[in-house]
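S.K.: Sequence:
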Amino acid sequence: MQPFAVAIIAPMQFRWLAEVVPVRLRLALGVFVLVIAGGTVGYLLLTPMSLVDAIYQTVTTLSTVGFREVTPFDTRTKLFTVILILAGVGTALYTLTLVIEQTLGGDIRSRFYLRRMALQIEQLEDHYILCGFGRVGQEIARELCERGARFVVVEQTPAHAERARAFGYLVIEGDASEERVLNQGNIARARCLLAASDSDAGNTYITLTAKSMNRQCYVVARVGYPQNEEKIRLAGADRVLSLYSMGGRRMVLAALQPLAADFMDTLASGRHGELVLAEFEATTQNGLAGKTAAGLLTGTNNASLLGIRHRDGPLAIGPRPDTLLGEGDIIIVLADEADIAALTAPDTSPGLPG
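Heads up: the sequence shown begins at 2 in our numbering, then just goes up one per residue.
Hints are computed from structural coordinates only; laboratory data are not their basis.
None of the values given here were measured: they were computed from a predicted structure.
Don't take each hint at face value.
[To be verified] In silico EDC-like links for lysine to aspartate or glutamate, alpha-carbon gap of 16 Å or less:
{"id": "1", "residue 1": "K292", "residue 2": "D266"}
{"id": "2", "residue 1": "K212", "residue 2": "D263"}
{"id": "3", "residue 1": "K212", "residue 2": "E174"}
{"id": "4", "residue 1": "K292", "residue 2": "E282"}
{"id": "5", "residue 1": "K212", "residue 2": "E163"}
{"id": "6", "residue 1": "K232", "residue 2": "D201"}
{"id": "7", "residue 1": "K292", "residue 2": "E328"}
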């Protein structure tokens, strides 16, 4: 490795260790290193020892192992050794006690765990940010985990944050309405933010902050009271969900059309044996823009077109075969992974000659 690379990487590694090792232990280790350095320099000045012998003599003196002197000591060297023992042995024992205490107490392990988690969060891209880990947030996290989505939980209540860590999720402990906290979650590279806190006001502030930092981030917000739905939309939420309204509609559907309710539950689970529920955008790059609904599935083995949301129109369920796909339309299909990969692959066919 080149010297300039070492000069850059070394300070970064020291900064990383400084974040992990507690301040009190860092101070104790620093004093202990100074005592060793002072003892080494003292023996070099007072005796004809080499550098290695001086370090050896200092360490054996501080460790109180009782080895003999490397060279015969005169009176000045003996007095220096007495001072070194009085000053250094206590420092060595105190430092060793701190190391054992921090290790057995789990503090260092906890710091290493949190630091490793922070490094994993820094590498996230095209991910989901889940704000709030209450009862609703826990269900959202479970669904995201089952679907293999990359996400990070932002929670300011310590007990809830600790519960999220116990599940093995990536967690940032802090207020999601603060820019500093959302920056830790890589909001600039996030695909979607889910504002799922128990407070409508909190979800409104979270939405405002997220949209001010990344206008392209898709925001789904939870609302508790219907009168607050418009406020969260004005804050910039792309989709606002009222749990009470959704629950009411599902209960009515289960009462009037139980089979349809079961179908919706099954469809929402994402994977159905070999089939996967997926949605993707029609673009000129993947060659889907300009095709018809019938032509879309040409060449697929096991795919069903469920719906199309036109860029400037409503969602069409079970579209007609002659429905034309436009740039930016969202397609919803139920297909196996091979067909989904074929449908979303970039179009490599040669263009028509001009």
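S.K.: Could you run down the list of hints and mark each one as holding or not?
M.R.: Okay, the hints, checked on the actual structure:
With a C-alpha separation of about 31 Å, the suggested pairing of K292 with D266 is violated against the 16 Å cut-off. This hinted pair does not check out: K212 and D263 have alpha carbons roughly 36 Å apart, beyond 16 Å. About 21 Å separates the Cα atoms of K212 and E174, which puts this hinted pair outside 16 Å; it is violated. For the proposed pair K292 and E282, the alpha carbon gap of about 13 Å is at most 16 Å, so the pair holds.
As the CA atoms of K212 and E163 are separated by approximately 28 Å, the hinted pair breaks the 16 Å bound. For the hint pairing K232 with D201, the CA-to-CA distance comes to about 9 Å; that is within 16 Å, so the pair holds. At most 16 Å may separate the alpha-carbon atoms for a hinted pair to count; K292 and E328 meet this at roughly 10 Å.
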